[in-house]
Amino acid sequence: MSRYADRFTALLDACVLGGALRRNMLLSLAEAGLFRPRWSSRILDETQKAISEITKGATDGAPQRGAIEAAFPEALVTGYEVFEDKLDLPDPNDKHVLAAAISTSASVIVTDNLADFPADALMPHAIDAISADDFIADTIELDPSEAILALRRMRERFNNPALDVAALIHKAEAQGLLQVATIMDEYQALL
26 MSRYADRFTA LLDACVLGGA LRRNMLLSLA EAGLFRPRWS SRILDETQKA
76 ISEITKGATD GAPQRGAIEA AFPEALVTGY EVFEDKLDLP DPNDKHVLAA
126 AISTSASVIV TDNLADFPAD ALMPHAIDAI SADDFIADTI ELDPSEAILA
176 LRRMRERFNN PALDVAALIH KAEAQGLLQV ATIMDEYQAL L
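Quick note on the numbering used here: the sequence shown kicks off at 26 and runs consecutively.
What you were told as hints is all true, and nothing was included just to trick you.
Dumping the calculated DMTMM-like pairs for lysine to aspartate or glutamate here, alpha-carbon to alpha-carbon at most 20 Å:
#, residue 1, residue 2
1, LYS120, ASP70
2, LYS196, ASP159
3, LYS196, GLU211
4, LYS111, ASP145
5, LYS196, GLU181
6, LYS196, ASP137
7, LYS111, ASP141
8, LYS196, ASP210
9, LYS81, ASP70
10, LYS120, GLU106
11, LYS120, ASP110
12, LYS74, GLU94
13, LYS111, ASP153
14, LYS74, ASP119
15, LYS120, ASP137
16, LYS120, ASP153
17, LYS120, GLU109
18, LYS74, ASP116
19, LYS120, ASP145
20, LYS120, ASP141
21, LYS74, ASP137
22, LYS74, ASP85
Keep in mind the hints are simulated off the structure, nothing from the lab. If you're wondering where the values come from, they're calculated on a predicted model, not measured in any experiment.
Modelling step: build the complete structure from the supplied sequences, incorporating the hints.
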């Protein structure tokens, strides 16, 4: 039985995987078994492109994508394309994200483009769209000891540059992860 057997499934959109801090936090929590991450190859294509843009070409995003795929081989959703034509979203380019979420029976789509996934389009599929800040904060609150330990391990892996607890909290706050920063501030001694 998988260590994820009793956890819920979350489809991670490219916009939350592109930035290093959100990606590291989400994947560290997933690695700890706090949820089952899912994505499609198209989402990873968009993630890789976003990483390249964010780093202004310092990387093409391939190493990060390779690491994601190696760490979570079970996360790749396939066969979702059959759902795309039946979906209606404000941005037709996002239909593949909802289709992948439906295909893998995800409970949530973690995205910072909430306007692209209106509740009335998601409700028939029993899926909610949630921001990275809300999702990470909720995940920490579900199992604070395991989640904070996972975030501490993540912080300790950073070495270029190294991040102390205060710097991690500040970075989260600066990147709009306000709830996460507040929770981490409460658990400073354990981070």
